[in-house]
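In case you want the letters, here they are:
Number of protein chains: 4
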Amino acid sequence: MTTTRRYTLTTSCPDRSGIIAAVSGFIAQRKGWIVEASYHTDLETQRFFMRQEILADSLPFDLTGFHAQFSGLADEFDMDWRISDSARKKHIVILVSKQDHCLNDLLHRWRSGELQVDIPCVISNHEDLRGFVEWHGIPFHYIAMPNNNEQAKAAAFEKIARLFEQHQGDTLVLARFMQIMPPYLCQRYLGRIINIHHSFLPSFVGAKPYHQAYQRGVKLIGATCHYVTEDLDAGPIIEQDTVRIDHGDSVDDMVRYGRDIEKTVLARGLRYHVEDRVLVCGNKTIVFR
Amino acid sequence: MTTTRRYTLTTSCPDRSGIIAAVSGFIAQRKGWIVEASYHTDLETQRFFMRQEILADSLPFDLTGFHAQFSGLADEFDMDWRISDSARKKHIVILVSKQDHCLNDLLHRWRSGELQVDIPCVISNHEDLRGFVEWHGIPFHYIAMPNNNEQAKAAAFEKIARLFEQHQGDTLVLARFMQIMPPYLCQRYLGRIINIHHSFLPSFVGAKPYHQAYQRGVKLIGATCHYVTEDLDAGPIIEQDTVRIDHGDSVDDMVRYGRDIEKTVLARGLRYHVEDRVLVCGNKTIVFR
Amino acid sequence: MTTTRRYTLTTSCPDRSGIIAAVSGFIAQRKGWIVEASYHTDLETQRFFMRQEILADSLPFDLTGFHAQFSGLADEFDMDWRISDSARKKHIVILVSKQDHCLNDLLHRWRSGELQVDIPCVISNHEDLRGFVEWHGIPFHYIAMPNNNEQAKAAAFEKIARLFEQHQGDTLVLARFMQIMPPYLCQRYLGRIINIHHSFLPSFVGAKPYHQAYQRGVKLIGATCHYVTEDLDAGPIIEQDTVRIDHGDSVDDMVRYGRDIEKTVLARGLRYHVEDRVLVCGNKTIVFR
Amino acid sequence: MTTTRRYTLTTSCPDRSGIIAAVSGFIAQRKGWIVEASYHTDLETQRFFMRQEILADSLPFDLTGFHAQFSGLADEFDMDWRISDSARKKHIVILVSKQDHCLNDLLHRWRSGELQVDIPCVISNHEDLRGFVEWHGIPFHYIAMPNNNEQAKAAAFEKIARLFEQHQGDTLVLARFMQIMPPYLCQRYLGRIINIHHSFLPSFVGAKPYHQAYQRGVKLIGATCHYVTEDLDAGPIIEQDTVRIDHGDSVDDMVRYGRDIEKTVLARGLRYHVEDRVLVCGNKTIVFR
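Chains as they are written, first to last, in numbering that gives the first Met the number 0: chain S, 0 to 288; chain X, 0 to 288; chain G, 0 to 288; chain F, 0 to 288.
Same shape as in the complex, but just chain S:
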């Protein structure tokens, strides 16, 4: 719901004293106005993580100027850092299959202005959702994913990657896409592919998690939003939630309950991501809410 233009600076570096003072001093000297600031030290790696939102108009330069002036300080502290501008909306490409509850939810948040992104296109291996997507004025691309033809499948993923590049995609969202991304794409877009898995990971990895949950007799089911890596359903977790079920609930009931948390968890995780609130530390995430 940001209305005034902001720069968001995220950094990480080896922990030591004086980091906050140096960075906030740098900003203060240039009359920059910090409106949100978050810090975290990871105890295992002794690494320091920081996120700051600065009013864009309070600084006497643009992002190029920021880069020029900040790099010296960043080098001194051995920082990984990036800065983003709220005036440049991120480009989100959504992949879907037939199930549309997550897509319906994301598109509503987008058209109501809650999710501040550009959606240059939606890609699917089924034609079913074309009408709904196009009603929003968003291009819909159908790309076949023949199940028993590895070569055709590889070509399909090539097409997806090409579309993503053409649209200068920032993030690829697997909104119940039901297809496993090839390892080379997981590597190429590390930290840029977000998946919603319909279980409380690490429980029930892989296919049919609600059936697995039903068999195990759990009393809560869950959903997990995570970055996609080469290891199936094992990437850094961004957000999770659970909902209570009981013995009276069939697999179909669990699927129904699950849809409600899947869409909420994906929407929250994606929002954190596009607002640069998620920093990755090994296989874990720091989420500055």
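Since the hints were derived computationally from the structure, they do not count as laboratory data. Any given hint could be a false lead.
Pairs of lysine-lysine, BS3-like flavour, derived with a Cα cap of 27 Å [what the hints assert, rightly or not]: (1) S:K30 <-> F:K88; (2) S:K207 <-> X:K283; (3) G:K97 <-> S:K88; (4) X:K97 <-> F:K88.
Since the structure of chain S is already known, use the hints to place chains X, G and F on it.
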């Protein structure tokens, strides 16, 4: 919080039409007053489960009379059944190690009258909690569990079993006991040993689940109350819950949050069990709350 | 997600012994197959409530036959009762204003088959949502609600009532309609108008509940689905939920979080209602989930 | 669970740019190591709030030295500020009546080392809990509170205040004390008296909130931990939570469920308070968790 004496009848049998009519008809003909009634059909096994609470004084006979008159009907429907009397409190033997948050919680519920059971004794492999237990007027038995001596450990479990039998124990509660029950006891007391595991099973089976959760970077942690079987942490689940954590929480913080759900989940699961609300169906439970 | 046709029988009557036996006996004698059964006694009014789902094909007659044969028994126990047929979908007329998160959610559940109802039309006092509604093939009626013209407003409500009657509406859903129903309509459609209020009632009745919540500094906000009565936001509550906020959340953030629980709570409450799971007892509801 | 000694600095002042830079610069210049830092701007009052934990040994002076050197900076920014030392545990005086679930919970957290405070005494208007308190080695004071004798009651509160002063009490905890504090004590100890109210405020202020909740037919009940002010149950809220109930739950069941959230909410709220995580802003709190 039951004040009036009740019989609780729990039955299961192959599903067919007319079961409710037959059982409720049997009770109605004898002027029995049903105050709570729950039903469930398991779709996989096509088995029907039922629980009924009947005001004891509304029936013209006691439990012996009930057995005599009900068995014909039970045989006709091929029922597994049992009936319990709220006037005879169940005997709960509690096993603990050094951590006492679950014990503290259960003993408070017991002394405030919320948990309507008899606790004939508490058994521990450490002396630490003797004073607290004995303050309640409950006998405390110390039984050493030497870690590297399998024979002594086996003898220790024999002693535990003997104490449990001597006190006509109904249920053995592992309130963070931190020891693995030998298979022969799991079999002998099937459906009568309740454990609290400090994770959201099936995630993080075995030792140090909070460390496992920390490593995996989950955003919620949980606790699971389940019946103990020979398969470690794999028995029928009675109750579970989760609590939100974030990147700022250390393993110690997770342990602290975890204690609060462990004690609540164990207390709920144990209450369901002692009120005969839990029926086991394969490796799952039906919990008539 | 019901696939086989079912009759749902709901009854209430003064409590006494033998009710379950009589009703389940009646059904069993006619070879009826009960697939779900729930009971409740309200202790204050000593009234007994019951809900049973019966496989339609297991009974030797249709609803007319059921009425003919069951009325004798119903009279004997002085029952209020009704029976519904899953083959006849309920007619839901939805009223909206400009905010469309609840509408978007309900229409998605409807078009995915999760919400098994007919939606003969959507009515609004704004034109904004016409396109979205008509894309679903559902008629959209714009009815002006001039704010300072009581006479015009009364006429508008007359039109709404007329449309509702013409479409043989069963239930009127106020999906963030933001207008107060006139008392005579609240009375005429008692138990048939469902509202979603954006607070955890009874806190923050009336206008701008998120502003009220912000001023009071609560740490959770909520939503309430309830039947509409003449007393503003005081009718029987069907469903509620809450979500955690903190000091960092502005009113806008609360509005955003709130939308997610509003739509979920309304969807759950409406599902309970259309599946005849809600029985009203005084100003309270019994919800047989 | 803090093991290393820390200073906790909390400040508030009119918002302007450069505050973080000035304070973190002050600390960095003295080689202070900040291990936790939180910031918040209240939009209504345009006031800035800050909390920083600094490793005590990293600074070249003690609290007296800190005061001497920091006051100039504090004056410059017109700060309200205080600094506390984890080596000096806060003194918590607990007031109870007969219900002991909160007391039992707090004393367990205290004796297990989770709650890092000193408890110089427990005061009650009933003798019931003397044995339990004294088993912990904590002095127990019985002070009669005759219900219909205002003068005797006033004298009783005088005694409570005297005991609190004698023990250099920092915080007075009303752990289900069931008595209304006189206004002059609310004023004298503003921000230092913590109450647990057994409802989700602002719903169900005053006596018998579970009965009120039962009458209203809510689907969730709650508990609220708040600072005590002259207005009954209307002080700044520190922490709240809710739990689901349903039509089957009697007032007694609600009381039982309620106890579990009351004790958890009070324990969380009190921990935030003693760790200086709660800053009051008007009638609201900022809780830096």
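* Structure-inconsistent hints, enumerated in ascending order -> 1
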